[in-house]
Every structure is written in structure tokens, then in C-alpha cells.
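So the chains spell out like this:
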Amino acid sequence: MSKLVVATTSLAGCFGCHMSLLDIDERILDLIELVEFNKSPINDIKTFTKQCDIGLIEGGCCNSENIHVLKDFRKNCKILVSLGECAIMGGLPALRNGIPIEECLAEAYLDGPTVKGNIHKILPNDKELPMLLDKVYPCHEVVKIDYYLPGCPPRADLIWDVLVALVTGDEMKLPYEVVKFD
Amino acid sequence: MSRKITIEPVTRVEGHGKVTIHIDHEGKVTQTRLHIVEFRGFERFVQGRPYWEAPVLVQRLCGICPVSHHLAAAKALDVIVGAGTGDGLTPTGEKMRRLMHYGQFFQSHVLHFFHLVSPDLLFGVDGDPAIRNIIGVAMKHKDLAVQGVMMRKFGQEVIKVTAGKKIHGTGAIPGGINKNLSIEERDFLLKGDDPLNAEKMVEWAQGALDFFKGYHKANKDFIDNFSRFPSSSMSLVREDGALDIYHGLLRAVDADGKKILNDIDCQDYLKYVGEEVKNWSYMKFPYLLALGETNGWYRVGPLARLNTCDFIPSPLAQKEFEIFKAYTNGKPNDMCMHYHWARLIETLHAAEMIRELLNDSDLQGDDLVTKGTKQKEGVGLLEAPRGTLFHHYRINDDDQIEMANLIVSTTNNNIPMNNAVNYVATREMTGNHEITEGMMNAVEVAIRAYDPCLSCATHAMGKMPLEIKLYDENDNLISKKFK
Ligand code: SF4
Numbered sequence: 001m002s003k004l005v006v007a008t009t010s011l012a013g014c015f016g017c018h019m020s021l022l023d024i025d026e027r028i029l030d031l032i033e034l035v036e037f038n039k040s041p042i043n044d045i046k047t048f049t050k051q052c053d054i055g056l057i058e059g060g061c062c063n064s065e066n067i068h069v070l071k072d073f074r075k076n077c078k079i080l081v082s083l084g085e086c087a088i089m090g091g092l093p094a095l096r097n098g099i100p101i102e103e104c105l106a107e108a109y110l111d112g113p114t115v116k117g118n119i120h121k122i123l124p125n126d127k128e129l130p131m132l133l134d135k136v137y138p139c140h141e142v143v144k145i146d147y148y149l150p151g152c153p154p155r156a157d158l159i160w161d162v163l164v165a166l167v168t169g170d171e172m173k174l175p176y177e178v179v180k181f182d
Numbered sequence: 183m184s185r186k187i188t189i190e191p192v193t194r195v196e197g198h199g200k201v202t203i204h205i206d207h208e209g210k211v212t213q214t215r216l217h218i219v220e221f222r223g224f225e226r227f228v229q230g231r232p233y234w235e236a237p238v239l240v241q242r243l244c245g246i247c248p249v250s251h252h253l254a255a256a257k258a259l260d261v262i263v264g265a266g267t268g269d270g271l272t273p274t275g276e277k278m279r280r281l282m283h284y285g286q287f288f289q290s291h292v293l294h295f296f297h298l299v300s301p302d303l304l305f306g307v308d309g310d311p312a313i314r315n316i317i318g319v320a321m322k323h324k325d326l327a328v329q330g331v332m333m334r335k336f337g338q339e340v341i342k343v344t345a346g347k348k349i350h351g352t353g354a355i356p357g358g359i360n361k362n363l364s365i366e367e368r369d370f371l372l373k374g375d376d377p378l379n380a381e382k383m384v385e386w387a388q389g390a391l392d393f394f395k396g397y398h399k400a401n402k403d404f405i406d407n408f409s410r411f412p413s414s415s416m417s418l419v420r421e422d423g424a425l426d427i428y429h430g431l432l433r434a435v436d437a438d439g440k441k442i443l444n445d446i447d448c449q450d451y452l453k454y455v456g457e458e459v460k461n462w463s464y465m466k467f468p469y470l471l472a473l474g475e476t477n478g479w480y481r482v483g484p485l486a487r488l489n490t491c492d493f494i495p496s497p498l499a500q501k502e503f504e505i506f507k508a509y510t511n512g513k514p515n516d517m518c519m520h521y522h523w524a525r526l527i528e529t530l531h532a533a534e535m536i537r538e539l540l541n542d543s544d545l546q547g548d549d550l551v552t553k554g555t556k557q558k559e560g561v562g563l564l565e566a567p568r569g570t571l572f573h574h575y576r577i578n579d580d581d582q583i584e585m586a587n588l589i590v591s592t593t594n595n596n597i598p599m600n601n602a603v604n605y606v607a608t609r610e611m612t613g614n615h616e617i618t619e620g621m622m623n624a625v626e627v628a629i630r631a632y633d634p635c636l637s638c639a640t641h642a643m644g645k646m647p648l649e650i651k652l653y654d655e656n657d658n659l660i661s662k663k664f665k
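So the protein lines, in turn, are chains S and D.
Residue 1 is where the first sequence starts when you use our numbering, and the numbers rise one by one after that.
Residue 183 is where the second sequence starts when you use our numbering, and the numbers rise one by one after that.
Don't read these hints as lab results, they were simulated from the structure.
We put the beta carbon where it would ideally sit given N, CA and C, even for glycine.
It cannot be assumed that every hint is accurate.
[Said to hold, decoys possible] List time: in silico SDA-like cross-link candidates among lysine to any residue, alpha-carbon distance up to 20 angstroms: (1) D:322 - S:36; (2) D:324 - D:305; (3) D:324 - S:181.
[To be verified] Distance windows between CB atoms, simulated: (4) S:175 - D:556: 28 to 34 angstroms; (5) S:49 - D:324: 20 to 26 angstroms; (6) D:584 - S:30: 25 to 31 angstroms; (7) S:182 - D:584: 52 to 58 angstroms; (8) D:579 - S:103: 19 to 25 angstroms; (9) S:26 - D:444: 17 to 23 angstroms; (10) S:117 - D:558: 30 to 36 angstroms; (11) D:402 - S:74: 47 to 53 angstroms; (12) D:452 - S:175: 45 to 51 angstroms; (13) S:26 - D:501: 27 to 33 angstroms; (14) S:97 - D:584: 18 to 24 angstroms.
Just chain S, with the same shape it has in the complex:
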């Protein structure tokens, strides 16, 4: 049987969901027997080298680049999973959604107590920087998402169960207690 191919990415997340994936600990050695990793921050594969079976998405979309990466994942993965609260509903970064982005920038670069020296009122605006979106979007508002895994981050056991379920094709149980933010 050929191995399922898995790709992962972190958009506007904190990487905690990826850390939780690593928290499957020794089972990571079993995992690499079961699946093959393609594009992912845990290896050096930077662009898709083949069509993937599973894409795990951490984080929502806060800038134009996140949108681009997410669409690329949709194109290259058969199944997309929103991993964690940021991907599912924007998570903590979405706390900015009620606030104009200008105010967030002003606080960080003009008004904070250690940027008093910014007398020329410089703001990051170089063309190398991606466009910030007006708000943080959950992934399913940008592309179709097939599965949602709750938690901030989802527990390692849950991530393991999902991968095993997807590999074996068995249906997975999501007990009531895990359907929560934290």
C-alpha cells in the first residue's frame, strides 16, 4: 500500500498546533511509517512536489499571503483539515476584528512607550510586506474545508486519532468534551 501524503502549514497561527502534532512523541516514528510528509514547516520541502492526500491547516488568514497559501493547499490536497481554533474561527488573532487595523498599527509603531523615537511616524509599508486584510478570516470562509479539529491547540491524541482515521478510512469519534476552545 502506498503511503498517504500529508502537507501542513501555519497561516496566522502561533505554531502551537504544530507543536501539538509533535506532542504525539514516540508515535512520530510510527507516523512516518504510515504517511509521507510533503510541504511542511517541519521539513525542508518548500513547494508541493506532488498531489497530497491530507493538508493540515493551522491559523486563519490575516494577510494576502495567507490567502494565497491556503488556496494553494486547496489545489494540492484532497482533504483539508482546519487544525485548531485559529483555523476554525480566527482564534486569538481575530480579537482584532472589532478594531480598525490602523489603530493596531498605530499602537505598535507610533504610540507605544518604546517607540517614542519614531518622530517621522514611520509605519511598515514596504512593497515586500504582504497586504494586511481588514480582519482575520477563518479558513472555511476562504476555501472549502473538509474537517475541523477543535482545541487551542487540539490535543496530541486527537491529532493522532485523526491521522489514523484518515489513513485507515475508519470513522473517528469526536467526544463531546473535546469540542471546546481550550
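For chain S, the structure is supplied; the task is to place chain D with the ligand on it using the hints.
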């Protein structure tokens, strides 16, 4: 014709960044920049939240070192609830937090060395990218991979018993901690089945350090001279000059070892540290006010800490510290790749401290929280795995956060990382019009030595594939390459 080369994004640095290199018509590097492309806005959107939420909110800046943010916020709030500026907690409160922090240091340093750096050492900087990663390590050097996995697991278990959860726990609260360490939890870590116990961790940490020292011996030129340049160093130190990652005074030394920030009280940080804003990066550029924007920059993190502190308060790590210091005749060490060496000495120190703390019966105490007279403002500093971390909050009469200011570890290394990129690019690119895979990875290796957590720095996190773009003098794209 002059060209611009864009490398984006860099992988295996946790976070998002992008490198641009400008080259003139003779192939001379004229400008290099490490752009940080993520922005979150935490400082603004925590305004209006009740202050006690800060430790659980702000740690979501970073899932790799959440404990550092959790504790730095808690330390700032200690001041606000009148529990003193770092020394006012009960012994149980302070030691539980310290144990949590050493657990985090251990797991974060281990993750960096085994998962991110060892592939470069084992397979070479220009090794096959398909295997130059932790999965490749697991397939070719299973013992080493198992050690890395189990050491990280141990650190995460320490965090779990102190913070309640491996990632984004809730252990620290303003003025103290919400649980102590049960005897069962203690024994689980102290006497756990092989290899999951503190004794084995000390042994394996020493082993990882010896592995690195062996590599250093065989690859002296690379480790000593790759991306090397002098700088000032900053970190907290204990009152007696010892390395202390949880609490201390702020010290900085220049490239010759002269103190340029003489053990100041962290509550006064605003008098000494400022941040410059540049339009091409969301990450700010901190500097010492007394020396100004151009000369006031400094390094933080493992290498800087070993440059500022006078000794390490645990025997095995102190022995290694002496060897490390002797290598530069006691002068500050400016060799970028020695970050890895320093990081492994600290890993050993963390393992020793975990072992020592687990044997301390104060952890079973039940006096968990200190109360005092409410203040309006508080500053919390600590040494995160990647360097000095500043949290500063002010609250209003309704106990809402009114102002939050964060200078995260990686931000403190902004200029050093930019200089490292410049150093490597100038060396590798000058007169060289062909962009090789090895060259691109060399830039990444230089950045990776600082273990940048671009998640923290930009209050974001992401992966970084590599894209190279060539531009001519007028910024017209003439060629593009991915890897
Ligand atoms: S869901 Fe939580 S752990 Fe995952 S990326 Fe978001 S903040 Fe981090």
C-alpha cells in the same frame, strides 16, 4: 545592470520571513534585508481585557515558547497586584514557576537542536533537502531522533504538571500559581521509567553537548568563522552575576566585555531601551538609548547570556561554561555558530535545575499566592529560550488593560540577524551570478543560529518555503526561482 534577489520564505525557522538581496552590475552586494511579514496587533487588542486574562491570552503569540509569555505577563501582573517585583512570591509560587520555565527551556532548546539543527550537521548544509530534516534523521540516525523526541517529551511533561497543559497552560496567575506539585507528579518526573526521568535527561543533555563538541572539533573553520561578527550582548543576570533565566537585573556588555548596562532594575527598562521602526519590516529594531539607533544594538539569547553572566549555578553546566569561556580567553564570544554550543550548555543547565527543583519539598507547599496593594503598572522581564523578553502593562480603575508593550526575544536579535544575512550574502553572492541551493541554505543557516521565533517576533508564525527573485536596477523582475 543591478539585481535584487528575494529569498522567501525561510523554512525551519519557526515563523515567517523573507530575505532580499540587492546586487549591482558588478555583482557586488549593495543591500540585504530580512523582512518580517507578519503583523498581529496584540498590543492594541488586549486593551480593554481584564488584566488577569493577559497570561493566557498573550501566550498565544507563540506555541513554541508559550510558557515564556505566560510567565513574563504573570511577572508584570505580580507587580500590579502588589506581590513585588519578582521576589515577593511564596517559595512554592516561585519554584513552581521556575520549574515550568526550565521545562520550557529544555523542550525548546532540544526542539531547536534535534529537530532543526541536527539535520544540517548530519547531512551537511548543502545536503539533499529531501532528507535534511527531522524525518531524515529519524530514518538514518534513529537513536538520535529517539533521544530528541524523548527529551522534548520530558520538557513538555514538566510543563504539563506545572502549567496544567503542555501548550497554553494556565499555571501562573497574578501573584503566584494555581497548583503545587503532587508527590505522584514529582516521582513521575524524578523516577520515571527509563528514559523519562530527570537523571537520564542530564545524561542525554551532556551527550548532545559532547556530540556538538565533537562536530566542532572536526569542523572548526565552519563553526568558528561562519557568519562571525562582534556585537554587544544583553541578558538578565542574578544579583551575584549568575545565569538566571527567570528573574534578575538587566545587564549588557560590549564586544570587549565592558559593561554598558550595569545591572539595572527591570522596572526601569524604559530609561534604557528604545525601538526603531523601519518601513520594510513589521519587526522593530531595539537599541540602547544611551548608544543610539546606529550603535545601540545588541545580541540576546544563549550566546549573549553566556557573554554577560559570570557563572552558571549548576555544577556540570558550570564546568562546560569554563571550557566555553576559555575558548575565547574570557572575552565575549562573537561566533554566531557558537549559539548552538551555548544553547546546549543551557540545555544541560536546565536539566540539572529540573533535577534539583524536583528534590525541593517547597514544591509541595500550599501557600500559592501573594496578595498586596494594587498598583497601576508593572513590568515583567525574563530570559526566554531565545533571549530577553519584555512585558509591560498598565491598567485602569476598572481593572482593564489600558496599555501593553511587548519586546519579544527575537525582536531583540533583529539587527544581528540582518547583519548575519548581510555577512553570508556578501560572502556567497559577490561576483556570483548563479544562485545555488547551498547558498540559499547558507542564508537560512545563518538566521537559524539565532533560533528566531518569528511567531513571537511578529506575533505570528508560519512556514517559509524559499523563493528567489532577481530584479534589475529599476526593480524589474528578470528571473525567479523556487526551491
Ligand atoms: S489554535 Fe491555539 S495553538 Fe493553534 S495556532 Fe491558534 S493559538 Fe496557536
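A quick look at each hint next to the structure:
| no. | hint | result |
| --- | --- | --- |
| 1 | D:322 - S:36 | 16 angstroms, holds |
| 2 | D:324 - D:305 | 14 angstroms, holds |
| 3 | D:324 - S:181 | 36 angstroms, violated |
| 4 | S:175 - D:556: 28 to 34 angstroms | 42 angstroms, violated |
| 5 | S:49 - D:324: 20 to 26 angstroms | 25 angstroms, holds |
| 6 | D:584 - S:30: 25 to 31 angstroms | 50 angstroms, violated |
| 7 | S:182 - D:584: 52 to 58 angstroms | 26 angstroms, violated |
| 8 | D:579 - S:103: 19 to 25 angstroms | 22 angstroms, holds |
| 9 | S:26 - D:444: 17 to 23 angstroms | 48 angstroms, violated |
| 10 | S:117 - D:558: 30 to 36 angstroms | 24 angstroms, violated |
| 11 | D:402 - S:74: 47 to 53 angstroms | 48 angstroms, holds |
| 12 | D:452 - S:175: 45 to 51 angstroms | 49 angstroms, holds |
| 13 | S:26 - D:501: 27 to 33 angstroms | 32 angstroms, holds |
| 14 | S:97 - D:584: 18 to 24 angstroms | 21 angstroms, holds |
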